[in-house]
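We have chain B; now place chain D onto it with these hints.
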Amino acid sequence: MKKYLQIFKISFQQEFAYRTNFIMWRMRNVLQIVLVFFLWDAAFSSSEKILFGYDKAKILTYVFGLIIVKAFVLSAKSADVAGEVAGGELSNHLIKPVNYFKYWLTRDVSSKVLNLFFAIGESVLLFLILKPPFFIQTNFLSLLMFFVSIVLASFIFFVLLFITSSIPFWVPEAAWGVHFLITVVAVEFLSGALFPLDVLPLALQNILNFTPFPYMIFFPLQIYLGKLTGFIAFKGIFVSGIWAVILWGVMNSVWRKGLKVYQAHGR
Amino acid sequence: MAVKTVHQLTIVSNQSLKRLAYYFKIWLMMSKNSFLVMMSQKKLLVLFLAGKLLRFGFFTAFMYFLVTEADSLAGYNVNQTIFFFLTFNVIDILAQFLFREVYRFRSLLVSGDFDLVLTKPRNPLFRVLMGGADVIDLITIPPLLATVIYFGQFLNPSLLHTTFYILLVINGLLISTAFHIAVLAFGIITLEIDHTIMIFRDLTNLGRLPIDIYKQPLKGVLTFLIPVGIMVTLPAKALMGLVTFPAVILSFGIGVGTIFVSLKFWNFALKHYTSASS
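Chains as they are written, first to last, in our numbering: chain B, 1 to 267; chain D, 1 to 278.
Just chain B, with the same shape it has in the complex:
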C-alpha cells in the first residue's frame, strides 16, 4: 500500500511539472462545455419549453454536471498504456515488484483528484459568468447512488482503456488509432459526454443500453437529475456492476494472452 501511495504522490507532482500542458488541457475542456452550453441555451428559446423530457434548468445542470463527471470518470493516465505496449516500455514495468494494473489505477486516481479539483473551480467560475438555472439534488439516497455510479463508471472506463491498450500486443502500429476510435469517438458520443442519450430515437437507446457506454456519463447524471430513482436506479447500478465484472474478466484474459505474444517492439 505504501508504494502505491508514493506512486500517487509522484504522479500528482508530475502533473505540476507540465503546468502549461495541464492548464491548456483544462482550457480545452471548458471550451467544449461552452459550445454545448450555448447550443442547449439556444434550443430552449423559452424557459417553459420541455425538450426530450428536460426543462432548461435540468438540461443546463446536465451540461454543468458533464464538467464534474467527465473530470472524475474520463481523466485517466492509463491511456498511455497502449504506447508502452507498442513501444516496448512495458518491459521496464514487468521486472519491477509493482502490480501493473494497480500502478495505473493509482496514477488514474491521482489524475482524477487533480482534474476534479480544477473542474469544480471551473464550474463555479462558469456558473458565476453564465448564471444558468440550476437543479440541485437534495435527496441523500440519489446523491449516494450518484456517487456509487460514478465510481463504477470510472472503473469501467479504466478497464475499457486497458482492453483497448491491449490491442497493440498484436497490432503495435494501431495503438493511437484504436484509442481514437474507441475511447475518444465512441465514448464521447455513446456515453452521453456530448449530449444526453435520450435525444436519440428509442430503438437506438435500447441498443445502447446493451453496451457499457451509457453507464459512464449518462446514467450517473440521470440519477443526479432525479430522472432515475428507486428500483430503476438500483437496477442500473447493478447492471453497471455486472459490466465492471465482465469487462474486468475480459481485460485479464486479453492481457494474459497479450503478454504471451509480447515481443517488446522497439526495445
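It is worth saying that the hints were derived from the structure and are not from the lab. Note that this is a predicted model, so its numbers are computed, not measured. Careful, some of the hints might be misleading.
[As the list claims (entries may be wrong)] Capping the alpha-carbon separation at 27 Å, the derived lysine-lysine pairs in DSSO-like fashion look like this:
1) LYS219/D with LYS131/B
2) LYS102/B with LYS3/B
3) LYS102/B with LYS2/B
4) LYS215/D with LYS49/B
5) LYS52/D with LYS42/D
6) LYS264/D with LYS18/D
7) LYS58/B with LYS219/D
8) LYS77/B with LYS52/D
9) LYS58/B with LYS215/D
10) LYS219/D with LYS49/B
11) LYS25/D with LYS120/D
12) LYS227/B with LYS131/B
13) LYS227/B with LYS49/B
14) LYS43/D with LYS32/D
15) LYS2/B with LYS96/B
16) LYS102/B with LYS77/B
17) LYS102/B with LYS257/B
18) LYS9/B with LYS77/B
19) LYS3/B with LYS96/B
20) LYS120/D with LYS32/D
21) LYS2/B with LYS77/B
22) LYS43/D with LYS77/B
23) LYS77/B with LYS257/B
24) LYS215/D with LYS131/B
25) LYS42/D with LYS260/B
26) LYS102/B with LYS260/B
27) LYS42/D with LYS257/B
28) LYS52/D with LYS32/D
29) LYS18/D with LYS120/D
30) LYS43/D with LYS260/B
31) LYS58/B with LYS131/B
32) LYS257/B with LYS43/D
33) LYS257/B with LYS96/B
34) LYS264/D with LYS120/D
35) LYS96/B with LYS77/B
36) LYS120/D with LYS271/D
Chain D only, in chain B's frame:
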C-alpha cells in the same frame, strides 16, 4: 518606355509563375511522400477514417434530432443548421488536409531538425506549413463536398449567393491559414504546439453552429478578435442570402489582414529562433 514596362511586367509575371510551379512541384512531392507513409499503415488509416466518419455521422444525427425537436436553433431550421455544420467541416477538413504538418512541428523544433529546414533553398514556412498533406482528409473531401451540394440545394441559393459562398469559403481558408502560421510562430517562441493547435481547433469548433447562438461578449470575440464567425458562419449565411456585397469585401479585408499579421508574427518568431535543441 511604356513597351519596356510591359516587357518588365511580363518577365516578373513569368518569374512568379515559374516560382509558383516550382513550389507546386515540391508540394506534390512532399504530399506523395506523406501519402506513401500513411498508405504503409493501412490499419491505422482505416481506424482513423472510421473514427472521423463516425464522429461526423454522430454529430450530424445529434443536430438533426435536436433541431427537429426544438423546431429551430437561433431562428435556423434543420437544413440550415446542418448546412452551417457542413460548411464548418469543409473549411476545417481542407485546412487539416493542407496543414497537417503543423501538428508535427514540435518534434522538428525539439529535435533541432528545424535547422535543416532553414538551410534548404525553399521557404521554411512553406515546408512546416504544407509539408505533409493528410490522405485521410483527402478521402473525406469528395463525399463531404457532395453532401454540401445536396443540402445546399434545399436552401434555393441564387448564382450570386453561391458565388459569395465560394468566395467566403476561400476567405475562411485564408483566415485558417493565418491561424496555423500564428501557431507555428508561437511554437518557435514557446516550444508549445500540441495544445495551442488543439485550442485553436476547439475555438473553431465553436463555429460548428451559427455563432448567433452565443451571447455577448463571446459573440463579439468570435466575430472580431478570433474571427471564427467570418471564417465559418458567414459563408453559410451567404448561401442563405443573408450577406451583402460590402460584407463580403469587408470579410476579405479581415482575411488578408490576418494573413499579413500572422506573417509578421512568423518573421518576428524566426528572428528569435535560438536553435537551442540542436
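Going straight from one Cα to the other, do LYS42/D and LYS260/B come out at no more than 27 Å?
-> holds, 25 Å
Verify the proposed pairing of LYS264/D with LYS18/D, using a straight-line Cα cut of 27 Å.
-> holds, 25 Å
Are the Cα atoms of LYS102/B and LYS77/B separated by 27 Å or less?
-> Status holds; Cα separation ~12 Å.
Distance restraint between LYS43/D and LYS32/D, which requires alpha-carbon spacing of 27 Å or less | holds, 19 Å
Assess, step by step, whether the Cα of LYS43/D is no farther than 27 Å from the Cα of LYS260/B, and give holds or violated.
-> holds, 23 Å
Please work out if LYS3/B and LYS96/B have their alpha carbons no farther apart than 27 Å.
-> holds, 12 Å
Taking 27 Å as the top limit, are the C-alpha atoms of LYS264/D and LYS120/D close enough?
-> Within the cut-off at roughly 21 Å; holds.
Straight-line Cα separation of LYS215/D and LYS131/B no greater than 27 Å?
-> holds, 12 Å
Given the hint that LYS2/B pairs with LYS96/B, does the C-alpha gap stay at or below 27 Å?
-> Holds, at roughly 15 Å.
Hey, LYS120/D versus LYS32/D, does the alpha-carbon distance stay inside 27 Å?
-> The given pair, whose Cα atoms are some 19 Å apart, holds under the 27 Å limit.
Holds or violated: LYS43/D with LYS77/B, Cα cutoff 27 Å?
-> holds, 25 Å
Holds or violated: are the alpha carbons of LYS18/D and LYS120/D at most 27 Å from each other?
-> Answer holds: LYS18/D to LYS120/D is near 18 Å, not above 27 Å.
When each numbered hint is compared with the structure, no violation occurs for any of them.
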